[in-house]
Amino acid sequence: MPRVKVARKSTAIDMTAMCDVAFLLLTFFILSAKPKVPDPVKAVVPASTAIMQIPETDFAIITVGEGKAFYSIEGDDLRRATLETMSAEYKIAFTKDQINKFVHTENFGVPLNVLPQYLDFTSDQRRKYVQPGIHVDTTKENELANWVLQTRKADQALRNVELRIAIKADAQQDYPIVGEIIKTLQKQHVDKFSLITSAKTVAK
Amino acid sequence: MAELDTSGGGKKGGGKVRTKKASTRVDLTAMVDLAFLLITFFILTTTLQKPKAMDLIMPDKDEKTKDQLPVAASRTMTMLLGANNKYIWWIGEAGKSAPTVEKSYAPNVLRKLLADKSKEILQSTGKDMFVIVKPSDKSKYDNMVTVMDELKIVGNQSRAIVDIYPSEVELLKTDGAY
Numbered sequence: 049m050p051r052v053k054v055a056r057k058s059t060a061i062d063m064t065a066m067c068d069v070a071f072l073l074l075t076f077f078i079l080s081a082k083p084k085v086p087d088p089v090k091a092v093v094p095a096s097t098a099i100m101q102i103p104e105t106d107f108a109i110i111t112v113g114e115g116k117a118f119y120s121i122e123g124d125d126l127r128r129a130t131l132e133t134m135s136a137e138y139k140i141a142f143t144k145d146q147i148n149k150f151v152h153t154e155n156f157g158v159p160l161n162v163l164p165q166y167l168d169f170t171s172d173q174r175r176k177y178v179q180p181g182i183h184v185d186t187t188k189e190n191e192l193a194n195w196v197l198q199t200r201k202a203d204q205a206l207r208n209v210e211l212r213i214a215i216k217a218d219a220q221q222d223y224p225i226v227g228e229i230i231k232t233l234q235k236q237h238v239d240k241f242s243l244i245t246s247a248k249t250v251a252k
Numbered sequence: 011m012a013e014l015d016t017s018g019g020g021k022k023g024g025g026k027v028r029t030k031k032a033s034t035r036v037d038l039t040a041m042v043d044l045a046f047l048l049i050t051f052f053i054l055t056t057t058l059q060k061p062k063a064m065d066l067i068m069p070d071k072d073e074k075t076k077d078q079l080p081v082a083a084s085r086t087m088t089m090l091l092g093a094n095n096k097y098i099w100w101i102g103e104a105g106k107s108a109p110t111v112e113k114s115y116a117p118n119v120l121r122k123l124l125a126d127k128s129k130e131i132l133q134s135t136g137k138d139m140f141v142i143v144k145p146s147d148k149s150k151y152d153n154m155v156t157v158m159d160e161l162k163i164v165g166n167q168s169r170a171i172v173d174i175y176p177s178e179v180e181l182l183k184t185d186g187a188y
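Going down the list, the protein sequences come from chains A and B.
Under the numbering used here, think of the first position of the first sequence as 49, with each following residue one higher.
Under the numbering used here, think of the first position of the second sequence as 11, with each following residue one higher.
If you're looking for bench data, these hints aren't it; they were derived computationally from the structure.
One should not assume that every hint holds.
Claimed, not checked - Label pairs and their in silico Cβ distance ranges: (1) Leu-72/A / Asn-94/B: 45 to 55 Å; (2) Phe-169/A / Val-111/B: 25 to 35 Å; (3) Ser-134/B / Thr-97/A: 26 to 36 Å; (4) Val-111/B / Thr-143/A: 50 to 60 Å; (5) Ser-168/B / Ser-171/A: 43 to 53 Å.
What the hints assert, rightly or not - With a Cα cut of at most 30 Å, we get these calculated DSSO-like pairs of lysine-lysine: (6) Lys-116/A / Lys-122/B; (7) Lys-60/B / Lys-106/B; (8) Lys-129/B / Lys-248/A; (9) Lys-31/B / Lys-231/A; (10) Lys-106/B / Lys-90/A; (11) Lys-139/A / Lys-248/A; (12) Lys-57/A / Lys-113/B; (13) Lys-113/B / Lys-116/A; (14) Lys-176/A / Lys-201/A; (15) Lys-90/A / Lys-240/A; (16) Lys-240/A / Lys-31/B.
A virtual CB, placed ideally from N, CA and C, is assigned to each residue, including glycine.
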């Protein structure tokens, strides 16, 4: 009796479908990915059960950590308009190059008189430079109040919407500076603002 | 894993020169490898849990007008947030009711306290409890957020963050929470 021969099958598998799926997923992740901007200071936000999403436009964040305040504005045009009015307000001239650099600066924490110098730094120098934070003191110098005010005005002029402001503070930050910021906002009658928190579920 | 060339060898001898019939199959192994590598990278780098925003609405602070409605002291709860995760609270007017010192912001302490008290007040006065939160200079930001969040969880509608008075700081000191 002749031996039953097992037919030799090809080891190659059709990978077209797998390849399709892989690239579909890849496309999805690339499109949904948003480059993460590193915080200027360590700010581990406290957890809360709030579920509101953070808006993507018309938004400004005041980051607080290590007792210092940092400011960031969403949107290139808004940043440009804010800097222009700030420079007129404080009579500090910025070169075209510096304005362009500011437009691409995600966040900063330097007083306005140091800002031109800070903008001229290379990215390497910026990393090494310890930012002193923006002055926020309701009794004395309060640059942050002006930044917020000018951003709000710029947002009104550009898009005719009210700017939303959020405070992103480190959970272990002592309360006073946060209190000062809240007071600063209230002085401008910004009574509604957001606190950025990480999500947690309600433990029963 | 390239496919084997199964078409016979070259033609021997004369005759027409035919072009080899190439297989239309492309080896996708490397491409799939690369795609999965990139997927892994993007999955790991994207932040899946985006931070959320908690809205905080402060009462309008107008120094000129004094048209604020008085709230009955009997349904007002005052909380002073002190150092080292301690806080004191009382219901009613300051000085008249003895403050209680609490040492934990954990849900089983704070949420229970808030839920119990608001229920008591609702039963005795028929109105909602009004909570005044006064964070002291030594309290942490986290404490304030926790209190506001717990108040939201128990369904409290009227709450406010108010500046602390020096006399209340003294009170925190005497209770060892400052």
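| request: May I ask which of the numbered hints given earlier this structure violates, with the numbers listed in increasing order? | output: Hints 2, 6, 7, 9, 10, 11, 12, 14 and 16 are the ones this structure does not satisfy, whereas the remaining hints hold.
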